[in-house]
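Using the numbering used here, the first residue of the sequence shown is number 4, and each one after it goes up by one.
These are calculated hints, taken from the structure and not from any lab test. Please note: incorrect hints may appear among the correct ones.
Under the rule of at most 27 Å between Cα atoms (straight-line distance), these lysine-lysine pairs were calculated in the DSSO-like manner [said to hold, decoys possible]: (1) K194 with K90; (2) K194 with K205; (3) K203 with K90; (4) K111 with K178; (5) K37 with K104; (6) K184 with K205; (7) K42 with K159; (8) K197 with K111; (9) K178 with K37; (10) K111 with K203; (11) K184 with K159; (12) K203 with K42; (13) K100 with K194; (14) K160 with K42; (15) K205 with K42; (16) K37 with K184; (17) K158 with K184; (18) K42 with K104; (19) K205 with K90; (20) K100 with K42; (21) K158 with K178; (22) K178 with K160; (23) K100 with K90; (24) K37 with K100; (25) K158 with K37; (26) K111 with K37; (27) K178 with K159; (28) K197 with K104; (29) K104 with K160; (30) K100 with K184; (31) K159 with K111; (32) K178 with K100; (33) K184 with K111; (34) K184 with K194; (35) K160 with K90; (36) K111 with K100; (37) K194 with K158; (38) K90 with K197; (39) K111 with K42; (40) K42 with K158.
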Amino acid sequence: MLLFYAILGGIVVLLLLLLFVPTTVGAEYVLEHKVETIKIRLRVLGIPFTFRISPKEDEKSVEKLLKVYESEDKESMTLKKFISFSKTLYQAFLEVKDECKELLHDIKERFTCEEVYFVIRYGTRNPATTGILNGAIWSAGSLVLAALNMTLGIKKKTLQVYPDFTRAYLNIHFKGTLQFKAFDAVRTVLKIMKLVNLIKAKFDEAETEE
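Whenever a hint applies, use it, and build me the whole structure from the sequences.
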């Protein structure tokens, strides 16, 4: 009987440690010579784990999605629909604005972004196109990093773009690392689900009125 309670107590202590001791989660994506590699790294209770994911293209799934899309009654986005959608989205945002601010505050307080690393090397053989893409990639990357830094606060960030004006290729290397407590992650996910449901309810209400 004592052994049973000892095992039960050990399990409870382990669960509490998993919930309240900071966990580190990292993702790495590499595209080099048209070969993709994805790695997920975890550090739980100081123990590192690495998982390698081999992305595979499912041509049958893609074809199935295309057939479904083609079979649907597709209507172009008219100006009236766009205005209605934008109005509904804005009204939904006004209703959940305080919840959004609270969520962003919680994320910034409870999640730590240890590192964001993004390096891209590319070329198009067309100097003009390569030059335009260079500016676009720098702008987009800087905006994303600024948004992440404002939301999470990035301790270490790297953004490098290397254009090649002589050959056509694309190499990407991305790494991101987050640190958080599992308990805080669960709370944040529940809050996000609540926000999504509120916004969805607003859109359903707007469709009913129409």
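Hint check results:
1. K194 with K90: holds, 24 Å
2. K194 with K205: Holds, at roughly 17 Å.
3. K203 with K90: Roughly 14 Å between the alpha carbons, so the hint for K203 and K90 holds.
4. K111 with K178: holds, 20 Å
5. K37 with K104: Outside the cut-off at roughly 41 Å; violated.
6. K184 with K205: Not OK: K184 and K205 at ~32 Å, beyond 27 Å, violated.
7. K42 with K159: Holds, at about 19 Å.
8. K197 with K111: Answer holds: K197 to K111 is near 19 Å, not above 27 Å.
9. K178 with K37: With a Cα-Cα distance of about 18 Å, the restraint between K178 and K37 holds, given a limit of 27 Å.
10. K111 with K203: The given pair, whose Cα atoms are some 25 Å apart, holds under the 27 Å limit.
11. K184 with K159: Roughly 20 Å between the alpha carbons, so the hint for K184 and K159 holds.
12. K203 with K42: violated, 33 Å
13. K100 with K194: holds, 13 Å
14. K160 with K42: Since the Cα atoms of K160 and K42 sit roughly 19 Å apart, the hinted pair holds (cutoff 27 Å).
15. K205 with K42: violated, 38 Å
16. K37 with K184: violated, 36 Å
17. K158 with K184: Answer holds: K158 to K184 is near 18 Å, not above 27 Å.
18. K42 with K104: Since the Cα atoms of K42 and K104 sit roughly 32 Å apart, the hinted pair is violated (cutoff 27 Å).
19. K205 with K90: holds, 11 Å
20. K100 with K42: violated, 36 Å
21. K158 with K178: Holds, at about 13 Å.
22. K178 with K160: holds, 10 Å
23. K100 with K90: Since the Cα atoms of K100 and K90 sit roughly 15 Å apart, the hinted pair holds (cutoff 27 Å).
24. K37 with K100: violated, 43 Å
25. K158 with K37: violated, 31 Å
26. K111 with K37: violated, 36 Å
27. K178 with K159: Distance of about 11 Å is within 27 Å: holds.
28. K197 with K104: With Cα atoms ~14 Å apart, K197 and K104 stay inside 27 Å; holds.
29. K104 with K160: Measuring from Cα to Cα gives roughly 24 Å; hence the hint holds.
30. K100 with K184: holds, 26 Å
31. K159 with K111: Holds, because 16 Å separates the two Cα atoms, which is no more than 27 Å.
32. K178 with K100: Violated. K178 to K100 sits at ~31 Å, over the 27 Å cutoff.
33. K184 with K111: holds, 13 Å
34. K184 with K194: holds, 16 Å
35. K160 with K90: violated, 36 Å
36. K111 with K100: Holds, because 17 Å separates the two Cα atoms, which is no more than 27 Å.
37. K194 with K158: holds, 25 Å
38. K90 with K197: holds, 21 Å
39. K111 with K42: holds, 25 Å
40. K42 with K158: Distance ~21 Å between K42 and K158 Cα, so the pair holds.
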